[in-house]
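Q: On the provided structure of chain A, position chain B as indicated by the hints.
Chains as they are written, first to last, in the working numbering: chain A, 62 to 288; chain B, 62 to 288.
Misleading hints may appear alongside valid ones.
Any copy, or any two copies together, can satisfy a pair, since identical chains are not distinguished.
Simulated crosslink set (DSS-like; lysine-lysine; CA at most 25 Å straight-line) [said to hold, decoys possible]:
(1) K211 / K200
(2) K229 / K66
(3) K229 / K211
(4) K200 / K229
(5) K66 / K200
(6) K66 / K211
Hints are computed from structural coordinates only; laboratory data are not their basis.
All of these numbers come straight from a predicted model, not from anything done at the bench.
There are 2 protein chains.
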Amino acid sequence: MIQPKAVVLLSGGLDSATCLAIARQEGFACYALSFAYGQRHRVELECARRIAEAAAVARHVVINIDLRQWGGSALTDDIPVPEGGAGTGIPVTYVPARNTIFLSFATGWAEVLGARDIFIGVNSLDYSGYPDCRPEFIKAFAECARLGTKAVDEGWHFNIHAPLQYLKKADIIRRGLELGVDYRLTHSCYNPAPDGRACGHCDSCLLRHQGFVDAGVPDPTPYTDAP
Amino acid sequence: MIQPKAVVLLSGGLDSATCLAIARQEGFACYALSFAYGQRHRVELECARRIAEAAAVARHVVINIDLRQWGGSALTDDIPVPEGGAGTGIPVTYVPARNTIFLSFATGWAEVLGARDIFIGVNSLDYSGYPDCRPEFIKAFAECARLGTKAVDEGWHFNIHAPLQYLKKADIIRRGLELGVDYRLTHSCYNPAPDGRACGHCDSCLLRHQGFVDAGVPDPTPYTDAP
Chain A
62 MIQPKAVVLL SGGLDSATCL AIARQEGFAC YALSFAYGQR HRVELECARR
112 IAEAAAVARH VVINIDLRQW GGSALTDDIP VPEGGAGTGI PVTYVPARNT
162 IFLSFATGWA EVLGARDIFI GVNSLDYSGY PDCRPEFIKA FAECARLGTK
212 AVDEGWHFNI HAPLQYLKKA DIIRRGLELG VDYRLTHSCY NPAPDGRACG
262 HCDSCLLRHQ GFVDAGVPDP TPYTDAP
Chain B
62 MIQPKAVVLL SGGLDSATCL AIARQEGFAC YALSFAYGQR HRVELECARR
112 IAEAAAVARH VVINIDLRQW GGSALTDDIP VPEGGAGTGI PVTYVPARNT
162 IFLSFATGWA EVLGARDIFI GVNSLDYSGY PDCRPEFIKA FAECARLGTK
212 AVDEGWHFNI HAPLQYLKKA DIIRRGLELG VDYRLTHSCY NPAPDGRACG
262 HCDSCLLRHQ GFVDAGVPDP TPYTDAP
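Excised from the complex, chain A in its bound form (with noise of 0.2 Å):
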């Protein structure tokens, strides 16, 4: 039998390993791709490797660009990361189009691969303050990618799932222990020290450990201070 083909977004995160997790468990024949992508820090594309390694995907693809030139976020450009919890509005950290972009390359390489299914793992209770990532967009993304790409032509459309999209940090945690996601392996922090451990402080740290908590299991991260 062969497995259908599924373009994964790996991102190095908790919620982006569960996502491959699910689309592993689905049955898709898995390709990773991640983005090199002006971060402050390369921590999380090291976790990304071995988190496809470890999911024993098809390949695994790093695309380098550079967002840096036009700067505009926290992630990428010299704006402060923020602490202490979530504010309200569009957060800082937000990376313009981000998602756009992302979902842009998962459909060309979807398009050669011949695979009409594309996972991201975005959340829209947990991140409510990104565009990117709630349903509506998704779905204006996937009626795109169909007209700007030979599916038009050909009667077919792209699948873009979004398994996370109404889960809260806690279940998403529950589903990727299920699944044997190994949390060790990913990473979450905007702001980790040079040794790769996550600060404890910033939205993501405090997010991610609250999920932990919340779910009642321990939470395997390292720590420079733990929340």
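A: This is chain B only, laid out in the frame that chain A set:
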């Protein structure tokens, strides 16, 4: 008076140079965006640089992205470029999801700049074989860009201008000449010589040359072997 800003996709070709001239004429401060995407030739990027300079753009950014990692096109892979006129269906020179990728980056930059206008030189008459050059795709992308950025929360939308959409090549050339475009600075050939001269035989050379013939003006293109 403050000029509104626009991001203009600039490949270095005849169409995008004309599109840039139209954006200028419409009163926009132009931010030109080019891509080094594993093309076989860098000559078109040098053309883009010279066109941007001649048009006195506010800024010209070249983004490096390596689409050769997955190939799938005669422009990025080891598939031969066809010669001798247009065939039927989607050409092998189609780069999967290229315009989706390019427009995604343009959207990200526009969001950072505070620009609501993006110009792209797609054309559905001469390139009907490319799905991502059609008006349905451009419309779907605009909706995707709105939903994937702060536009959706702030109640505005991006205008994706495709001023060449319904023009024939000869009309594009006439319009560009009226606006003072120097077509010697532009490059269209899929398969140029090392010195930058156009081959005179690929689909792109034939289409371009026919445009000058139909417009009734001399073709200023340096060819190794004139069509």
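Q: Are the hints correct? Go through all of them and say.
A: Against the structure, the hints:
no.	hint	in the structure
1	K211 / K200	both (18 Å within a copy, 17 Å between copies)
2	K229 / K66	neither (27 Å within a copy, 40 Å between copies)
3	K229 / K211	between (36 Å within a copy, 23 Å between copies)
4	K200 / K229	within (21 Å within a copy, 34 Å between copies)
5	K66 / K200	within (20 Å within a copy, 29 Å between copies)
6	K66 / K211	within (17 Å within a copy, 33 Å between copies)
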